[in-house]
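S.K.: Between the sequences and the hints, there should be enough to build the whole structure, so can you do that?
Okay, so the sequence shown: first residue is 1 according to my numbering, each after it adds one.
Simulated from the structure, these hints should not be mistaken for lab results. Keep in mind that the hints are not guaranteed to be accurate.
What follows is a set of in silico ranges between Cβ atoms, one per label pair, in the way DEER data are often shown [to be verified]:
no. : residue 1 : residue 2 : range
1   : Gln-308   : Glu-98    : 31 to 41 angstroms
2   : Asp-48    : Gly-314   : 44 to 54 angstroms
3   : Pro-115   : Phe-330   : 36 to 46 angstroms
4   : Tyr-168   : Asp-326   : 19 to 29 angstroms
5   : Glu-88    : Ala-67    : 22 to 32 angstroms
6   : Ser-122   : Ile-332   : 34 to 44 angstroms
7   : Ala-67    : Ser-262   : 30 to 40 angstroms
8   : Gly-217   : Gln-308   : 23 to 33 angstroms
9   : Ser-106   : Asp-269   : 28 to 38 angstroms
10  : Ser-122   : Lys-174   : 18 to 28 angstroms
11  : Ser-262   : Arg-119   : 25 to 35 angstroms
Each computed BS3-like pair below joins lysine-lysine, with the alpha-carbon atoms no more than 27 angstroms apart [said to hold, decoys possible]:
no. : residue 1 : residue 2
12  : Lys-337   : Lys-307
13  : Lys-337   : Lys-174
14  : Lys-166   : Lys-11
15  : Lys-174   : Lys-117
16  : Lys-312   : Lys-351
17  : Lys-174   : Lys-351
18  : Lys-337   : Lys-351
19  : Lys-166   : Lys-312
20  : Lys-351   : Lys-307
21  : Lys-117   : Lys-71
22  : Lys-337   : Lys-312
23  : Lys-11    : Lys-71
24  : Lys-166   : Lys-337
Quick reminder that beta carbons are idealized off the backbone N, C-alpha and C, glycines included.
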Amino acid sequence: MTPSARVLVRKVTDLSAAVTEALDFLEYDFAGKRVWVKPNLLGPHPPDHGVTTDPEIIRHVVRGLRARGAKDILVADNPGGGLQRNVESYIAPTGVVEASEGCFRSISETPVTIPTKSRFVSEFRVSRIITEVDVILNLPVFKTHALTILTGAIKNLFGIIPGGQKSYLHTLGKSTDDFSEILVDIYQVVPVPVLTIMDALRGMDGQNGPSGGRVLGIGRILASSNPVALDAVMAAMAGTEPRRIPTTRIAGERGLGPTDLSAVEIVGDYEPVAGFRLPSYRLARGFTGIATAVVYPLMRRWPILDKQLCIKCGRCADNCPAVAIDMSPFPIVGRDKCIMCYCCAELCPVKAMTVPSLFRGVMQNLTGR
Numbered sequence: 001m002t003p004s005a006r007v008l009v010r011k012v013t014d015l016s017a018a019v020t021e022a023l024d025f026l027e028y029d030f031a032g033k034r035v036w037v038k039p040n041l042l043g044p045h046p047p048d049h050g051v052t053t054d055p056e057i058i059r060h061v062v063r064g065l066r067a068r069g070a071k072d073i074l075v076a077d078n079p080g081g082g083l084q085r086n087v088e089s090y091i092a093p094t095g096v097v098e099a100s101e102g103c104f105r106s107i108s109e110t111p112v113t114i115p116t117k118s119r120f121v122s123e124f125r126v127s128r129i130i131t132e133v134d135v136i137l138n139l140p141v142f143k144t145h146a147l148t149i150l151t152g153a154i155k156n157l158f159g160i161i162p163g164g165q166k167s168y169l170h171t172l173g174k175s176t177d178d179f180s181e182i183l184v185d186i187y188q189v190v191p192v193p194v195l196t197i198m199d200a201l202r203g204m205d206g207q208n209g210p211s212g213g214r215v216l217g218i219g220r221i222l223a224s225s226n227p228v229a230l231d232a233v234m235a236a237m238a239g240t241e242p243r244r245i246p247t248t249r250i251a252g253e254r255g256l257g258p259t260d261l262s263a264v265e266i267v268g269d270y271e272p273v274a275g276f277r278l279p280s281y282r283l284a285r286g287f288t289g290i291a292t293a294v295v296y297p298l299m300r301r302w303p304i305l306d307k308q309l310c311i312k313c314g315r316c317a318d319n320c321p322a323v324a325i326d327m328s329p330f331p332i333v334g335r336d337k338c339i340m341c342y343c344c345a346e347l348c349p350v351k352a353m354t355v356p357s358l359f360r361g362v363m364q365n366l367t368g369r
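M.R.: Encoded structure:
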């Protein structure tokens, strides 16, 4: 099969040189363009936690874009949760504001609507910036995600949706496949090119990605002008077949990029990440009829609270899309309402809310605890 997309995987010994190579690899003329640099700013996590895009990558990207004559550089994201506070102060622990060298912007105000052919909604409310730039330079992090298995280039574009709207979309896409389909729908309405440089200096694996998993030193960056191809290579590096990642499979089925690595030219230092741990797949997929009625309920996994860690801040309850959490005084998850999007675990600032293992989930269902 003739390669239809190219992906760079570079082991980093000199970050400035690696970012320069990645920008060159994208083969895009940034001169005179307005560029939205879109990092992953999930929340106020320090760089060594592996949750948000490394600030030094952002620093070198901003400098590289300036050297290439970009007209305007805007570093911005919509952090997780329906936050109504100063974004710069909120995400200050990430180091991104300082690393942006004057280019950081707040973008949650005055969103606009973009029509979509999604089967879930007729339009998406997105940050206005998407209509004001020429290109998006997407900077996701190499991580797992409890709901979507991996979160890569396509998933990072969920950040074009302002905080509260994210919660609403979670209520529409309650299953892994449905929510992944919404993510691909969002990617398809983006009106400008999406180029990607992925931060794999540190990665995160395990059941509690994208914010509470195990931090890994991968020491690489990836780059591609095709987000689907990059996510396919990421999946292979994580030790799985790319089409097992729902966003990648759906995007591939829509012809948005290759999911077969034989159709991808991989340049540089590609190799699987040793010992990378993926979240458990929903084993109930594929069961039908009576098997589904019996097996699927046993696979449901409700978030678990560690009261020793909980600071009773209420952020999980405030940002639960299904309004399934009450504070009394610790968070209590209403299982009849919970849609298992795991936003509570994703947004918990102290990692007190976690996603149970598959075995623990079965025990929850059998014992009611």
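S.K.: Could you run down the list of hints and mark each one as holding or not?
M.R.: Against the structure, the hints:
1. Evaluation of the 31 to 41 angstroms hint for Gln-308 and Glu-98 yields a pass: the beta carbon distance comes to about 33 angstroms.
2. Roughly 27 angstroms separates the CB atoms of Asp-48 and Gly-314, a value that falls outside the hinted 44 to 54 angstroms.
3. Evaluation of the 36 to 46 angstroms hint for Pro-115 and Phe-330 yields a pass: the beta carbon distance comes to about 43 angstroms.
4. Range check, Tyr-168 to Asp-326: Cβ separation about 20 angstroms, and the 19 to 29 angstroms hint holds.
5. Here the CB-CB span from Glu-88 to Ala-67 is close to 25 angstroms, well matched to the stated 22 to 32 angstroms.
6. For the pair Ser-122 and Ile-332, the supplied restraint of 34 to 44 angstroms holds, since their beta-carbon distance comes to about 35 angstroms.
7. Checked against the given bound of 30 to 40 angstroms, the beta carbons of Ala-67 and Ser-262, roughly 36 angstroms apart, stay inside it.
8. Distance hint check for Gly-217 and Gln-308: the Cβ-Cβ separation is about 28 angstroms, which falls inside the suggested range of 23 to 33 angstroms.
9. Ser-106 and Asp-269 have their C-beta atoms about 37 angstroms apart, which keeps the hinted 28 to 38 angstroms range intact.
10. Look at Ser-122 against Lys-174: about 19 angstroms separates their beta carbons, and that is inside 18 to 28 angstroms.
11. Range check, Ser-262 to Arg-119: Cβ separation about 31 angstroms, and the 25 to 35 angstroms hint holds.
12. In summary, the hint linking Lys-337 to Lys-307 is supported, as the alpha carbons are separated by about 21 angstroms, within the 27 angstroms threshold.
13. For the proposed pair Lys-337 and Lys-174, the alpha carbon gap of about 11 angstroms is at most 27 angstroms, so the pair holds.
14. Distance restraint check for Lys-166 and Lys-11: the Cα-Cα separation of roughly 34 angstroms exceeds the 27 angstroms cut-off, and the hinted pair is therefore not satisfied.
15. About 19 angstroms separates the Cα atoms of Lys-174 and Lys-117, which keeps this hinted pair within 27 angstroms; it holds.
16. For the given pair, Lys-312 sits about 12 angstroms from Lys-351 by alpha-carbon distance, which is consistent with the 27 angstroms threshold.
17. Annotation: proposed proximity of Lys-174 to Lys-351 holds, straight-line Cα distance about 23 angstroms (limit 27 angstroms).
18. Pair hint Lys-337 plus Lys-351 holds up; C-alpha atoms about 22 angstroms apart against a cutoff of 27 angstroms.
19. For the hint pairing Lys-166 with Lys-312, the CA-to-CA distance comes to about 23 angstroms; that is within 27 angstroms, so the pair holds.
20. Taken as a hint, the Lys-351 and Lys-307 pair is honoured in the structure, with Cα atoms around 11 angstroms apart against an allowance of 27 angstroms.
21. This hinted pair does not check out: Lys-117 and Lys-71 have alpha carbons roughly 33 angstroms apart, beyond 27 angstroms.
22. With a C-alpha separation of about 21 angstroms, the suggested pair Lys-337 and Lys-312 falls inside the 27 angstroms cut-off, and the hint holds.
23. The suggested pairing of Lys-11 with Lys-71 is violated, with an alpha-carbon distance near 30 angstroms, which exceeds 27 angstroms.
24. Among the hinted pairs, Lys-166 with Lys-337 is consistent with the structure: their alpha-carbon atoms are about 18 angstroms apart, no more than 27 angstroms.
Hint compliance for this structure: hints 2, 14, 21 and 23 are not met, and every other hint is.
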